[in-house]
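Chains as they are written, first to last, in the numbering used here: chain A, 2 to 248; chain B, 2 to 248; chain C, 2 to 248.
Zero decoy hints are in this set.
Just so you know, same-sequence chains aren't split out, so a pair can sit in one copy or run between any two.
Each computed PhoX-like pair below joins lysine-lysine, with the alpha-carbon atoms no more than 25 Å apart:
| # | residue 1 | residue 2 |
| --- | --- | --- |
| 1 | K234 | K10 |
| 2 | K10 | K135 |
| 3 | K97 | K144 |
Bear in mind the hints are in silico, worked out from the structure with no lab data behind them. Here the structure is a predicted model, which is why all the values come from computation and not from measurement.
Below are the chains, spelled out letter by letter.
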Amino acid sequence: MFTATIDAKAFRNVLESVGVLVEECRVHIDSDGMRFRAADPALVALVDLTLDAEHFEHYEARETVLGVNIERLTEILSVAESGDSIQMELDISSHKLTVEVGTLSYTLGLLDPDSIRDEPDLPDLEPPATVTLKGYHIDRGVKAAEMVSNHLRLAVDEDEETFAIEAEGDTDDVAVELGREEVTSLAPGSADSLYSLEYLTAINRVIPNDEPVTLELGEEFLAGLEFEVPEAKQSVSYRIAPRMQYA
Amino acid sequence: MFTATIDAKAFRNVLESVGVLVEECRVHIDSDGMRFRAADPALVALVDLTLDAEHFEHYEARETVLGVNIERLTEILSVAESGDSIQMELDISSHKLTVEVGTLSYTLGLLDPDSIRDEPDLPDLEPPATVTLKGYHIDRGVKAAEMVSNHLRLAVDEDEETFAIEAEGDTDDVAVELGREEVTSLAPGSADSLYSLEYLTAINRVIPNDEPVTLELGEEFLAGLEFEVPEAKQSVSYRIAPRMQYA
Amino acid sequence: MFTATIDAKAFRNVLESVGVLVEECRVHIDSDGMRFRAADPALVALVDLTLDAEHFEHYEARETVLGVNIERLTEILSVAESGDSIQMELDISSHKLTVEVGTLSYTLGLLDPDSIRDEPDLPDLEPPATVTLKGYHIDRGVKAAEMVSNHLRLAVDEDEETFAIEAEGDTDDVAVELGREEVTSLAPGSADSLYSLEYLTAINRVIPNDEPVTLELGEEFLAGLEFEVPEAKQSVSYRIAPRMQYA
Numbered sequence: 002m003f004t005a006t007i008d009a010k011a012f013r014n015v016l017e018s019v020g021v022l023v024e025e026c027r028v029h030i031d032s033d034g035m036r037f038r039a040a041d042p043a044l045v046a047l048v049d050l051t052l053d054a055e056h057f058e059h060y061e062a063r064e065t066v067l068g069v070n071i072e073r074l075t076e077i078l079s080v081a082e083s084g085d086s087i088q089m090e091l092d093i094s095s096h097k098l099t100v101e102v103g104t105l106s107y108t109l110g111l112l113d114p115d116s117i118r119d120e121p122d123l124p125d126l127e128p129p130a131t132v133t134l135k136g137y138h139i140d141r142g143v144k145a146a147e148m149v150s151n152h153l154r155l156a157v158d159e160d161e162e163t164f165a166i167e168a169e170g171d172t173d174d175v176a177v178e179l180g181r182e183e184v185t186s187l188a189p190g191s192a193d194s195l196y197s198l199e200y201l202t203a204i205n206r207v208i209p210n211d212e213p214v215t216l217e218l219g220e221e222f223l224a225g226l227e228f229e230v231p232e233a234k235q236s237v238s239y240r241i242a243p244r245m246q247y248a
Numbered sequence: 002m003f004t005a006t007i008d009a010k011a012f013r014n015v016l017e018s019v020g021v022l023v024e025e026c027r028v029h030i031d032s033d034g035m036r037f038r039a040a041d042p043a044l045v046a047l048v049d050l051t052l053d054a055e056h057f058e059h060y061e062a063r064e065t066v067l068g069v070n071i072e073r074l075t076e077i078l079s080v081a082e083s084g085d086s087i088q089m090e091l092d093i094s095s096h097k098l099t100v101e102v103g104t105l106s107y108t109l110g111l112l113d114p115d116s117i118r119d120e121p122d123l124p125d126l127e128p129p130a131t132v133t134l135k136g137y138h139i140d141r142g143v144k145a146a147e148m149v150s151n152h153l154r155l156a157v158d159e160d161e162e163t164f165a166i167e168a169e170g171d172t173d174d175v176a177v178e179l180g181r182e183e184v185t186s187l188a189p190g191s192a193d194s195l196y197s198l199e200y201l202t203a204i205n206r207v208i209p210n211d212e213p214v215t216l217e218l219g220e221e222f223l224a225g226l227e228f229e230v231p232e233a234k235q236s237v238s239y240r241i242a243p244r245m246q247y248a
Numbered sequence: 002m003f004t005a006t007i008d009a010k011a012f013r014n015v016l017e018s019v020g021v022l023v024e025e026c027r028v029h030i031d032s033d034g035m036r037f038r039a040a041d042p043a044l045v046a047l048v049d050l051t052l053d054a055e056h057f058e059h060y061e062a063r064e065t066v067l068g069v070n071i072e073r074l075t076e077i078l079s080v081a082e083s084g085d086s087i088q089m090e091l092d093i094s095s096h097k098l099t100v101e102v103g104t105l106s107y108t109l110g111l112l113d114p115d116s117i118r119d120e121p122d123l124p125d126l127e128p129p130a131t132v133t134l135k136g137y138h139i140d141r142g143v144k145a146a147e148m149v150s151n152h153l154r155l156a157v158d159e160d161e162e163t164f165a166i167e168a169e170g171d172t173d174d175v176a177v178e179l180g181r182e183e184v185t186s187l188a189p190g191s192a193d194s195l196y197s198l199e200y201l202t203a204i205n206r207v208i209p210n211d212e213p214v215t216l217e218l219g220e221e222f223l224a225g226l227e228f229e230v231p232e233a234k235q236s237v238s239y240r241i242a243p244r245m246q247y248a
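The shape of chain A in the complex, shown without the other chains (with noise of 0.2 Å):
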């Protein structure tokens, strides 16, 4: 049994958060709401995001996982206007979805759960260095670094409590180094990792600009990003893994 309500416009958010890393999405849904977490194809990203219960105007829920095409259900909700709610309602026996906004009613095939990739566990890993800095930093150092490369490094210099987007092409290369008086907070720590852009420019597209964005990192780590997803009141995480750094 799942029915729950809320609010259209921070629902899409929460569906775009995961949709720029995957297309289908196991949903783990129980009494305290629902959990989004996938990996990438390629495994080398990963999203997580719980929406808790409490931020639904109505949700009542008996524990299940759902297989849901995340890109399909966030294209029904592009016909919401702003202030609209949606309604969703899971039709056990029929595995369909429906979901309501407005006039409009939607019936959700829902997929098979273990047809998709399971999601890896995580180790708990003591970040090295983290840095919060306003999302347009990194929406400046990820499209720069677009110019020259395909991947780019995050680094912290610990001596000078700089925070650096950096990347290298052949002839050309690029910087955003912030100081302390750039950033919102910054605990510095040896950190120095290359990532591939490919997903970087992926999660960059739901990045709000004028938030503040949290990120783990250190030497060849698997770093971590996090923010608020606009609206929702609840905050999405991602995880990257370093590319290979030669010398």
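Position chains B and C relative to chain A; hints supplied.
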């Protein structure tokens, strides 16, 4: 002889209403006005629009039929600015239409009307059901239907007094259902027909969101769809043939 | 030695004025300023723009020639926000130009100037006719001409004192004709030449709509086209070779 002056924006909207179904059109001209009537190449949909002489700033015409490239004439009007008028003058000897918009003078080669498909005569049909509703309901229904299928159903429930736009896909279904209080007016009757989305998607591009649209519906019925062309003070009406329904 | 600081928006507009014709450019630098001068690969059109030292916030240079990828440098400036300055510094030993915009630092590899086409010397031509008009007239004429042809005619009628942009297609013709009262100024003379639209379409992308543009015209004449680059307080001038005319 044909010379006419009309608001460029209004005339452009008229041309676009016709252009969503056909690229070329036979335009019947007489002292009463200009009549655009054309069927799409597959003869599934028909458009009919008369622009009365009184809606022109200046209008003088003797009876004739012009073969007009609607797409091209619409493109010319794209240079017009708000408040511009368009002046047209027929040069019979050269088979050209001179079009002036502000400082721009365009000489449009006319087509041989005989080379353009003859528009079919229409039986006068008594529609079993009629519903008038704001254009955005159709927009929402058409866009939702496009997510799951390439045709949609328009139906009226005589007992419930509801109007529905529905589409069925392989795994997903979609429906927009409107009661009496959500439409402008409803004359209920037996109506349930399937239409190809191709034509409804095309027509939907020119349906004004906040203005009333009247649908004439029935069982496997040649549907009617009519609304006032924005700024033109004149209605355009479409007919769309139903698709065969399989049990 | 070369270090310079200038408003990022103004410099971007300068680069775009050059970039509509060429991707790479030899930039002549001396204590007076930066000179951009380049011909398109087919040697049909030429751009010439000098950015005087006085328009920089800071400017220090010894004479040199840089081979610059204009397209790339323009792209870097796309990260600039309103009010940002760009700082440039030449590193002669590494043949690189360091470009800083806000927190972004970009190291641009320079090209060997000898690898870039030498810009042709220009004869000093006395134009038979000159017309100055708002940019949007050219925009309208170029866009209308694109509908029917791939070249257009620029002509002045000495007796009527009119300026015309005309194009002839297989079935359709187009003309924008302007009298004395519709242009800013007109020095009439014998002028009638055909130009390839390819170059005029490219240049038209950077012509400001509401600012005056000066055309120097004649019979089968190497046309001149000049206007002030927005925000840069400096003019750019183009030369476009005429096409052969067939009787």
